[in-house]
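**Q** Got chain Y; can you put chain R on it based on the hints?
2 protein chains.
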Amino acid sequence: MEKVQQLNIGLIGAGVVGRGVVRNLARNTDLIAERLGVRLNLKWVCDKDKSRLKNLPVPASVLVRDAKVVLDDPNVPVIVELLGGTSFARTVLLDALNRGKVVVTANKALLAHHGEEIFAAAARNSANVFYEASVCGGIPIIKALREGFVANRFPLIYGIVNGTCNYILSRMTAEGKDFDEVLAEAQKLGYAEADPSLDVDGGDSAHKATILASLAHGFWTGLENTYVEGIRHVTKYDIEIASELGYAVKLLAIIKTADASDSAPIEVRVHPTLIPRDHVLASVGGAFNGVVVRGDVVGETMFYGRGAGADATSSAVIADLADAALNLKCGSVQRVPAFVAHRLNARVRTIDDVESRYYLRLTVEDWPGVIAKVAKVLGDADISIASVLQREAPESKPGHPPSDHVPLIFMLHVAKDRAVRDAVAEIDRLPVVKDKTIIIRVENFD
Amino acid sequence: MEKVQQLNIGLIGAGVVGRGVVRNLARNTDLIAERLGVRLNLKWVCDKDKSRLKNLPVPASVLVRDAKVVLDDPNVPVIVELLGGTSFARTVLLDALNRGKVVVTANKALLAHHGEEIFAAAARNSANVFYEASVCGGIPIIKALREGFVANRFPLIYGIVNGTCNYILSRMTAEGKDFDEVLAEAQKLGYAEADPSLDVDGGDSAHKATILASLAHGFWTGLENTYVEGIRHVTKYDIEIASELGYAVKLLAIIKTADASDSAPIEVRVHPTLIPRDHVLASVGGAFNGVVVRGDVVGETMFYGRGAGADATSSAVIADLADAALNLKCGSVQRVPAFVAHRLNARVRTIDDVESRYYLRLTVEDWPGVIAKVAKVLGDADISIASVLQREAPESKPGHPPSDHVPLIFMLHVAKDRAVRDAVAEIDRLPVVKDKTIIIRVENFD
Chain Y
1 MEKVQQLNIG LIGAGVVGRG VVRNLARNTD LIAERLGVRL NLKWVCDKDK
51 SRLKNLPVPA SVLVRDAKVV LDDPNVPVIV ELLGGTSFAR TVLLDALNRG
101 KVVVTANKAL LAHHGEEIFA AAARNSANVF YEASVCGGIP IIKALREGFV
151 ANRFPLIYGI VNGTCNYILS RMTAEGKDFD EVLAEAQKLG YAEADPSLDV
201 DGGDSAHKAT ILASLAHGFW TGLENTYVEG IRHVTKYDIE IASELGYAVK
251 LLAIIKTADA SDSAPIEVRV HPTLIPRDHV LASVGGAFNG VVVRGDVVGE
301 TMFYGRGAGA DATSSAVIAD LADAALNLKC GSVQRVPAFV AHRLNARVRT
351 IDDVESRYYL RLTVEDWPGV IAKVAKVLGD ADISIASVLQ REAPESKPGH
401 PPSDHVPLIF MLHVAKDRAV RDAVAEIDRL PVVKDKTIII RVENFD
Chain R
447 MEKVQQLNIG LIGAGVVGRG VVRNLARNTD LIAERLGVRL NLKWVCDKDK
497 SRLKNLPVPA SVLVRDAKVV LDDPNVPVIV ELLGGTSFAR TVLLDALNRG
547 KVVVTANKAL LAHHGEEIFA AAARNSANVF YEASVCGGIP IIKALREGFV
597 ANRFPLIYGI VNGTCNYILS RMTAEGKDFD EVLAEAQKLG YAEADPSLDV
647 DGGDSAHKAT ILASLAHGFW TGLENTYVEG IRHVTKYDIE IASELGYAVK
697 LLAIIKTADA SDSAPIEVRV HPTLIPRDHV LASVGGAFNG VVVRGDVVGE
747 TMFYGRGAGA DATSSAVIAD LADAALNLKC GSVQRVPAFV AHRLNARVRT
797 IDDVESRYYL RLTVEDWPGV IAKVAKVLGD ADISIASVLQ REAPESKPGH
847 PPSDHVPLIF MLHVAKDRAV RDAVAEIDRL PVVKDKTIII RVENFD
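Protein sequences appear in the order of chains Y and R.
Using this note's numbering, read the first sequence as starting at 1 and increasing by one per residue.
Using this note's numbering, read the second sequence as starting at 447 and increasing by one per residue.
Rather than coming from a laboratory, the hints here were simulated on the basis of the structure.
Each residue gets a CB set at the ideal place from its N, CA and C atoms; glycine is no exception.
Among the hints, a few may not be true.
[What the hints assert, rightly or not] A short, non-exhaustive set of chain R residues, derived as facing chain Y with CB atoms under 7 Å:
(1) Val-508
(2) Gly-584
(3) Gly-594
(4) Ala-597
(5) Gly-745
(6) Met-748
(7) Ala-758
(8) Ser-761
(9) Ala-765
(10) His-788
Isolated chain Y, as found in the complex (with noise of 0.2 Å):
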């Protein structure tokens, strides 16, 4: 092997990701130079939390609490922030930018809270910010979108892209388990965070979301602009019924081109969506991620792995290094620049102008004319009914409606979001509705 030259690297946060860097950088350390003609060198592994720096395969003189000493120093060009969170992890990253490192970084809050911001400080600095593992941990969705598929337009971007979500839907779905039940499991099993709301809420999937949204579409879409609804409100009984219906529930986020024409607003969303039960995101079950992009000149793509975990994102962390390893030696830092906006279709779509098919679960009194009484509210509001479907009372049991109130399933054709919502709060103040109308989109994306 000819002689290799050394890139020195400053990990600063030693998590459950950072640790994975270190040890799958230890792993493979010599394959990696070999393919690359750089050897990748950990020079420095901080975190102030000393027992998070115990057990690593580094030597000693390489751990350290304090990322000053990390950004000082001269002989590291390239920083791999790893402390998530969007403040002390900001600081570094616009210190490291301000003194024209590169910086490579998996914080998708950071990113989507302050991209525009960290974008324009590494421009500023001619310096870079690298970010594959942000976005769908290992699959290498973020290269796919700026280079492998740099001839395209993206009409159309959706995917499951928050493993924790999805992998409580799919226990919700396998074993007619409630949210509550499956979330305690899947907090003690290591799958959900003590506190879940980042997960369950959608707020995860729309930081992403608006990461994916920006890139493909050269405009910073905003995290404000991203609509976003979680899976609290799921229950196991509108999976059971979607069931029925030939679909599957699931958590998605969706990037959308609202026509064909340069000008026409994007539409960036995040929320329970039935979708059929035969689509191949159907097929995406517990802890792994979907992403399916469309291209007007590729056609249809999919991208399937694990969304998260200390491996699978720090093959996406090496992956960013390796490239930034490459653009050293080769002493062009920004060969592929941090964000690069262009003019196509710069707006975002209120979630009011979405135009989906819905899914709405009603629970009514058993009474005649309640049918036509929901039906006129929908008709008047010019929003076509695709089916209704009556249950029975189910039993009453927990997560279900009391037996003494009937459930009222309507599937709506193609109708505004605004318009649906509100014909449903309408719906929702008939003497003959006993609940709160649940909606969810429905789509299927042909």
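**A** Coordinates of chain R only, in the frame set by chain Y:
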């Protein structure tokens, strides 16, 4: 938009894919320039057949019939070879490399047959060859393997890499039709060539398997070491029985390390395979491709998309042009070289030593003691039987065995390929066995 540089490209071969590249480059040319900061400029579009140069969205001055004009142009640093075949294409490609030009190709046959020579020429001339479009059309699988998954060893890669075979098998399965009937229809619809041998005999899949195996394992595995079986001998009858047993029949390319050691041999094989019907690849239908990549760091991943066709393939060709353009802009043509040899696992295992499970369909006389006779041959060879299925004699109709003969299905536990084939040869010499036994390998990839 800042002023962008321009990359002059000479495209040679204006067939289906070549014309697709011209059309799609024109379609998204401004967008691609904005993303790259380099404009991809088709300086020449060349084909010796004048009719192929008609109706293309380029000025007439760009069209030329003599490849020498393109190769001789010192202002064209990048050649796109889309001629197909291994003769003139090889000459053009080597000529371009010897002039230090970068080549982009979709030619899997050429690479599989002459890869070593071509990669050596690229290295010798400080040039480069990009070939994303040679494997799985628009799916960025080459980029994923050598960039996205650079941190990984690859214990297992397998998938559907030939759309024609997958189309035929999918239709045989869905419609219960025979191979010949579906092939004829596929030819009529343009899903199969007039001479379908390269596809249906597995040769095209073997080309792709050889390229993927060589890339993944860092040595030239050699087409002659890729075991290949096509799909002509797969009957609708076997598909039907497989389905009853819970399996789908797919033509797979399989690249597998025998064990986790660095010196483990590699299996590179293409053959019809029974996979569990709920396996993700079982749902890859029609002309689509799907590849599963198992990395020792990233875990299980899957890529899915159109494996052929003008548009999908040109998406990959244009992505390669983009990479070439960025490299030239940075003055680093070999940033990711055409091929990096490293020393892991430098041996291909022969099919004789491959271990698999097996489906055997015997055609026997309906006579007491037949199962015992067959079981004895298998037992003497230390091959262990998982289950035996004796079917009713089927109605005699085309594609089914004669009705006075009884089909007898053996599912075998893991055994060595050579041992199974030898045992089956012996079984086929038993007087009670009335036709050649059908052998299909069975994998569940767990």
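**Q** State for each hint whether it applies.
**A** How the hints compare with the structure:
| no. | hint | verdict |
| --- | --- | --- |
| 1 | Val-508 | violated (19 Å) |
| 2 | Gly-584 | holds (4 Å) |
| 3 | Gly-594 | holds (3 Å) |
| 4 | Ala-597 | holds (4 Å) |
| 5 | Gly-745 | holds (5 Å) |
| 6 | Met-748 | holds (4 Å) |
| 7 | Ala-758 | holds (5 Å) |
| 8 | Ser-761 | holds (4 Å) |
| 9 | Ala-765 | holds (5 Å) |
| 10 | His-788 | holds (4 Å) |
Hint check: a violation occurs at hint 1 only; the rest are consistent with the structure.
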